[in-house]
Amino acid sequence: AQRVTQPEKLLSVFKGAPVELKCNYSYSGSPELFWYVQYSRQRLQLLLRHISRESIKGFTADLNKGETSFHLKKPFAQEEDSAMYYCALSGNAGNMLTFGGGTRLMVKP
Amino acid sequence: DGGITQSPKYLFRKEGQNVTLSCEQNLNHDAMYWYRQDPGQGLRLIYYSQIVNDFQKGDIAEGYSVSREKKESFPLTVTSAQKNPTAFYLCASSRLAGGITGELFFGEGSRLTVL
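As given, the protein sequences belong to chains F and X, one line each in that order. Residues in the first sequence are numbered consecutively from 125, following our numbering. Residues in the second sequence are numbered consecutively from 22, following our numbering.
For reference, chain X alone in the conformation it holds in the complex:
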């Protein structure tokens, strides 16, 4: 069953702790993205990667870090430096060639709550 898998679906963490959200895809897509979704603010881009071992900051990268060691995987770490980490996080992937421009495939999301 092809698609994007995010884990965990729900995560609680104490202030001052780092937490890593997993994102795996088996669609053979080149590009992967992390978005943060807050009520009324839509989706805001945190980081994106168009190729293995390379990634770029999005609009709200501060307090986050990523890695892209494998094409299939794009984990996001929410660090203690992120001032307001409680949010819903969405991972997405897309083709860069041969696919429909602008078609991102999204995971089900991970809800992070900082206590």
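Same shape as in the complex, but just chain F:
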């Protein structure tokens, strides 16, 4: 069985501070990991995926297979980063995703 855990339901930081949203997973094979984001009054959308090794809106995430983690990081948080963030895992062919419980990020001015 595959499982995604986001231990923090709420993360509050000040503007300009570093931010790290934690994500841990359990899966016996080689997973693909993703971060989805939902801004206020907008639809849930893909932020980034580990296989692309890209930085989107200043966010990066590294897959650590040893620690089974895929934490999302940004060195300097901005107020517009305030949103709900979901970590997701795909462990098989196709796009069936298992989502974590989500972390609400609040960036205070």
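Read the hints as simulated data drawn from the structure, not as lab findings. Be careful, since some hints might not be right.
Derived lysine-lysine pairs resembling DSSO-like cross-links, with alpha carbons at most 30 Å apart [to be verified]:
#: 1; chain 1: F; residue 1: K133; chain 2: X; residue 2: K30
#: 2; chain 1: X; residue 1: K78; chain 2: F; residue 2: K133
#: 3; chain 1: F; residue 1: K146; chain 2: F; residue 2: K189
#: 4; chain 1: X; residue 1: K104; chain 2: F; residue 2: K133
Please build the complex by placing chain X on the supplied structure of chain F, with the hints as guidance.
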């Protein structure tokens, strides 16, 4: 304007009644999904379909039913057998070939409240 349309946005129903949530997409995507979103539990997969006239149960299919008679449409029926139907329901679609793996496109959601 391409995208996924869910209707209705808000729905109230009495206990014992079935209700159907609509999901339509004009993205020409092969796969469609229904997720249930509850506070603190994230999104849980109810049903998914990768091709017309075929669908598979997700993690929490009990009390729900779906159909996929057309590529564009994937309606979800919440039956009276669903013990805790009050929730926010999200429909999504994706390509299965030629698209970005793991990229699901979501609708705006339907909030169902059972009175």
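Agreement of K133 of chain F and K30 of chain X with the hint, judged by alpha carbon distance not exceeding 30 Å: holds, 25 Å
Between the alpha carbons of K146 of chain F and K189 of chain F, is the straight-line distance 30 Å or under? Satisfied, since the Cα-Cα distance of roughly 14 Å is no more than 30 Å.
Does K133 of chain F sit within 30 Å of K78 of chain X, going by the straight-line distance between their CA atoms? holds, 28 Å
What's the verdict on K104 of chain X and K133 of chain F, does the C-alpha distance respect the 30 Å limit or exceed it? Distance ~26 Å between K104 of chain X and K133 of chain F Cα, so the pair holds.
Checked against the numbered hints above, the structure violates none of them.
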